[in-house]
Amino acid sequence: MINERVQITEEKLLSDNWYVLKRFTFNYRDKSGVWTTQQREAYDRGNGATILLHNPEADQVILTRQFRLPTFVNGNESGMLIETCAGLLDDEHPDDAIRRETEEETGYRIQTIEKVMEAYMSPGSVTEKLFFYLAEYSANTERLNGGGIDEEEIDILEIPTAKAVQMIETGEIMDGKTIMLLQHLRLRQLAQN
Numbered sequence: 014m015i016n017e018r019v020q021i022t023e024e025k026l027l028s029d030n031w032y033v034l035k036r037f038t039f040n041y042r043d044k045s046g047v048w049t050t051q052q053r054e055a056y057d058r059g060n061g062a063t064i065l066l067h068n069p070e071a072d073q074v075i076l077t078r079q080f081r082l083p084t085f086v087n088g089n090e091s092g093m094l095i096e097t098c099a100g101l102l103d104d105e106h107p108d109d110a111i112r113r114e115t116e117e118e119t120g121y122r123i124q125t126i127e128k129v130m131e132a133y134m135s136p137g138s139v140t141e142k143l144f145f146y147l148a149e150y151s152a153n154t155e156r157l158n159g160g161g162i163d164e165e166e167i168d169i170l171e172i173p174t175a176k177a178v179q180m181i182e183t184g185e186i187m188d189g190k191t192i193m194l195l196q197h198l199r200l201r202q203l204a205q206n
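Quick note on the numbering used here: the sequence shown kicks off at 14 and runs consecutively.
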């Protein structure tokens, strides 16, 4: 990390129960040249990838629905969230990780993927960078069971693209990565017409 305005002086592990939570003490030089000592916590869960599967002939998308505890404790009464397929990279290249996650969660075995962007999703407290992809599927795309692994109980939803975009407006889709990919697809469609 190269930034001459930041000097990390202490890194303290607070938790490594699920992922890693650390408190950092650092010196920060502001624009006027004054140094201050600050502390921040950062949650490291690793980087991830997400994908929106789109059937251009039917103009439909594949989304997933599953229970997400953090949304439940923050007011989502059911805790269920509609999302694009996603997962952590572990030690894999993002392209390989998203192909694996797509098969595990949706059952679709996709070959051609298109990386459309990278983004930090919550940079004030989480280190994760997310890699965003699009891929086409059709009735002929090889499909296995899907539904997730281990304790995951993932519902697979096939929704017309226009309805999915409308579900953002109605609050039925509230997941940031999903909103970004649906809007990206919709903007692309508008540019092609």
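Derived from the structure by calculation, the hints contain no laboratory data. Heads up, a few of these hints could be off.
Below, a list of computed lysine-lysine pairs in the BS3-like style, where the Cα atoms sit at most 27 Å apart [as the list claims (entries may be wrong)]:
| no. | residue 1 | residue 2 |
| --- | --- | --- |
| 1 | LYS25 | LYS35 |
| 2 | LYS142 | LYS25 |
| 3 | LYS190 | LYS128 |
| 4 | LYS142 | LYS190 |
| 5 | LYS142 | LYS128 |
| 6 | LYS142 | LYS35 |
| 7 | LYS176 | LYS190 |
| 8 | LYS35 | LYS190 |
Ranges of calculated distance between the beta carbons of each label pair, as one might list FRET restraints [to be verified]:
| no. | residue 1 | residue 2 | range |
| --- | --- | --- | --- |
| 9 | LEU27 | ALA71 | 16 to 26 Å |
| 10 | ILE21 | PRO69 | 29 to 39 Å |
| 11 | GLU171 | THR84 | 16 to 26 Å |
| 12 | ASN16 | GLU155 | 40 to 50 Å |
| 13 | VAL47 | ARG113 | 43 to 53 Å |
Idealized CB from N, CA, C, for every residue including glycine.
Now the hints, each set against the structure:
no.: 1; hint: LYS25 with LYS35; result: holds (5 Å)
no.: 2; hint: LYS142 with LYS25; result: holds (22 Å)
no.: 3; hint: LYS190 with LYS128; result: holds (14 Å)
no.: 4; hint: LYS142 with LYS190; result: holds (11 Å)
no.: 5; hint: LYS142 with LYS128; result: holds (14 Å)
no.: 6; hint: LYS142 with LYS35; result: holds (17 Å)
no.: 7; hint: LYS176 with LYS190; result: holds (17 Å)
no.: 8; hint: LYS35 with LYS190; result: holds (25 Å)
no.: 9; hint: LEU27 with ALA71: 16 to 26 Å; result: violated (48 Å)
no.: 10; hint: ILE21 with PRO69: 29 to 39 Å; result: violated (47 Å)
no.: 11; hint: GLU171 with THR84: 16 to 26 Å; result: holds (23 Å)
no.: 12; hint: ASN16 with GLU155: 40 to 50 Å; result: holds (46 Å)
no.: 13; hint: VAL47 with ARG113: 43 to 53 Å; result: holds (48 Å)
The structure fails to meet hints 9 and 10 from the earlier list, while all remaining hints are met.
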